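Peer 1: Chains as they are written, first to last, in my numbering: chain A, 1 to 278; chain B, 1 to 263.
Each hint should be verified, as a subset may be incorrect.
As the list claims (entries may be wrong) - Straight-line Cα separation of at most 30 Å, DSS-like style, residue types lysine-lysine; simulated pairs:
hint, chain 1, residue 1, chain 2, residue 2
1, B, Lys252, A, Lys136
2, B, Lys95, A, Lys21
3, A, Lys242, A, Lys217
4, A, Lys249, A, Lys80
5, A, Lys116, B, Lys175
6, A, Lys54, B, Lys170
7, A, Lys11, B, Lys170
8, A, Lys136, B, Lys175
9, B, Lys252, A, Lys75
10, A, Lys242, A, Lys219
11, A, Lys5, A, Lys80
12, A, Lys35, A, Lys21
13, B, Lys170, A, Lys116
14, B, Lys95, A, Lys111
15, B, Lys175, A, Lys189
16, A, Lys11, A, Lys236
17, B, Lys95, A, Lys54
18, A, Lys189, B, Lys169
19, B, Lys170, A, Lys111
20, A, Lys136, B, Lys219
21, A, Lys80, A, Lys189
22, A, Lys80, B, Lys169
23, A, Lys128, B, Lys252
24, A, Lys227, A, Lys249
Stated by the list, open to error - Listing some non-contacts, in silico: residues in chain B with all C-beta distances to chain A over 10 Å:
hint, residue
25, Thr12
26, Ala48
27, Leu54
28, Leu76
29, Thr84
30, Glu107
31, Ile115
32, Leu158
33, Val164
34, Thr176
35, Ser179
36, Asn180
37, Leu182
38, Leu224
39, Lys252
Please keep in mind that the hints were generated in silico from the structure rather than gathered at the bench.
Note that this is a predicted model, so its numbers are computed, not measured.
No residue lacks a Cβ here, since even glycine has one placed at the ideal position from N, Cα and C.
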Amino acid sequence: MTLSKCLEVEKVVKHYSHNGKHVHALDQVTFHVHKKEFICIIGPSGCGKSTLLKIIAGLDRPTSGEVRFQGETVKEPHPKISMVFQSFALFPWRTVLQNVEFGLETRGVPKAERRKIALELLELVGLKGYENAYPKELSGGMKQRVGIARALAVDPEIVLMDEAFSAIDEFTAQVLRNEVLELWEETEKTFILVTHNLTEALEMADRIIVLSTRPAKVKHEYHVSLKRPRNRSDSKFLRCQKELFNILKSELEHTIVRHKLKAIHEHFKIEDMESFQR
Amino acid sequence: MASKFLGKSYKTFLNNFVSLTIFLFLWEILSITISSPFFPNPLDVWEAFLILLLKGDVEGISLTTHIVASVSRVLLGFGLAVVTGIPLGLVMGLKRVAYGSVRSILEPLRFIPPIAWIPLAIILLTGCARYMLIIWLGAFFPILLNTMAGVQTVNPTLIDVAKVFGADKKTIVVKTVFSNALPEVFAGMRIGLGVGWMCIVAAEMIGGEMAGLGWLILKYGELLNVSGMIVGMVLIGIIGLLMNETFLRVEKRVFRWRREVTL
Ligand SMILES: Nc1ncnc2c1ncn2[C@@H]1O[C@H](COP(=O)(O)OP(=O)(O)OP(=O)(O)O)[C@@H](O)[C@H]1O
Ligand SMILES: [Mg+2]
């Protein structure tokens, strides 16, 4: 089987300086993605996964190195690369249908056609009948379905997903993962999913890119040879999980304290906001 | 749900009716205690209202003429404030540098009360322009500042979303930044209209035309007709309330996507 290189991440380096504080986020990150591959990127919290995804999406420029899509350097968002966001990031003032239509609107697709495509996708993600609802009326899982429909509406080659399943309850997340896998199998699209979740990565990916702590390097590329559909309680699956965990372990040990602090910090931030709203 | 809502609004209505009655009662007692020809009781005011409504004012000008005159003046000044305040607010909200650079002009200007502009308006302007300046001064700043604040509340992730899905600069401004700011813009317009309306008396002090609720109050003040004056005041209050309520209802409908706008 010969696979064409679809996306090349070449020696990508990213430095941030923010209020005089300097952050070295990515350090010579290199990996290649083939067409119709399902890639998961995992790595410790704060290592630069979102940064990497933003650079691939053309939302941010690397300090050095480059990302090539179909041989061309990505300098700005490419029409064939779309994205699903962790926090759903739906436009609250748009209805479900209008949210899905957004990318088609900017591409100048005529209204009737736009509507047709959006309705088809809404049916595909199981949101038929919710066309005219506003995001605030939807549950987290439903919002992410809209996010997925919006990303697919523009008929992308690559769908980037930044922790797309982490802000929804585990049961809904599992349903959504299966749906995404089905979609992926039916189409020629390439998926790149950033996740914290080892099991999720093993369940979905052809290949898992393991990043190190900051500054993030590619620590390991793990080929998942498990047959699909994969079963979480399968003994082979569990063996892979253990193997992958061992690869990650040393990295996790570095960050466990930082991770906890961050979790605590976020917890308080959320509580503050709630009491403020009350 | 519906019956509960109705029940609640009925109760609110009843409560307001009771407080209004108590208010009028206290007013009546006060007027009996003071017992001065310059302190009318509610009935005197009601009578003055009926006379104004049926016969017009001392010059024979009807009450509707006064109301229409004032409302149309305020709407003109308010319209001017909308077409100036929103674009400027948008620009300054988007470009912090622009706002930073004109802050030293804008901020002091904002604290000069519209009344302080009256002599200048008299010297420099005539007729309609005088009204418009005074009302514009009242309405402009709330619209400007609210638009600016609204622009800045946009979630940066939503701008990323717009970019990923191919939006150019103009689309980002119109379909993301401005759409996001719209509730704030509307609130600014509501507040601006209210402040503009409150400037009506000041504006009509200098307009030089014999119509308008502000003019009516001033005229009846000169004549020491306190009841007529109070009619003018109450009408200004009630019309202000109606304009505000209308705006709130429009907001509630237009911004259904948002958390509830409370009345
Ligand atoms: N715009 C920015 N300006 C300055 N620093 C930034 C910026 N964006 C990210 N960083 C920093 O770069 C580092 C990597 O951030 P990033 O969000 O990519 O990590 P992540 O792996 O996605 O983390 P998480 O697991 O929490 O999602 C962090 O230390 C972060 O503070
Ligand atoms: Mg992240």
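Peer 1: Run the distance test for Lys95(B) versus Lys21(A): straight-line Cα separation, threshold 30 Å.
Peer 2: holds (25 Å)
Peer 1: Confirm or reject: Leu158(B) is not an interface residue toward chain A, with every Cβ-Cβ distance exceeding 10 Å.
Peer 2: violated (6 Å)
Peer 1: Within a Cα-Cα threshold of 30 Å, do Lys5(A) and Lys80(A) meet the stated pairing?
Peer 2: Roughly 15 Å separates the two Cα atoms, so the pair holds.
Peer 1: Thr176(B): least C-beta distance to chain A exceeds 10 Å?
Peer 2: violated (7 Å)
Peer 1: Does Thr12(B) really sit off the interface, with its C-beta more than 10 Å from all C-beta atoms of chain A?
Peer 2: Check passes; 23 Å lies beyond 10 Å.
Peer 1: Hinted pair, alpha-carbon criterion (30 Å max): Lys11(A), Lys236(A). Please report holds or violated.
Peer 2: Roughly 34 Å between the alpha carbons, so the hint for Lys11(A) and Lys236(A) is violated.
Peer 1: If you draw a straight line from the CA of Lys242(A) to the CA of Lys217(A), is it 30 Å or shorter?
Peer 2: Holds, because 22 Å separates the two Cα atoms, which is no more than 30 Å.
Peer 1: Does the alpha-carbon distance linking Lys80(A) and Lys169(B) stay inside the 30 Å limit?
Peer 2: holds (19 Å)
Peer 1: Hey, Lys170(B) versus Lys116(A), does the alpha-carbon distance stay inside 30 Å?
Peer 2: holds (26 Å)
Peer 1: Quick one: work out the minimum CB distance from Ser179(B) to chain A and report holds if it exceeds 10 Å, violated otherwise.
Peer 2: Given that some Cβ of chain A is not farther than 10 Å from that of Ser179(B), nearest at about 5 Å, it is violated.
Peer 1: Confirm or reject: Lys252(B) is not an interface residue toward chain A, with every Cβ-Cβ distance exceeding 10 Å.
Peer 2: holds (14 Å)
Peer 1: Could you grab the alpha-carbon distance between Lys116(A) and Lys175(B) and see if it respects the 30 Å cut-off?
Peer 2: holds (21 Å)
Of the hints listed earlier, those the structure fails to meet are numbers 4, 7, 9, 12, 14, 16, 20, 32, 33, 34, 35, 36, 37, in rising order.
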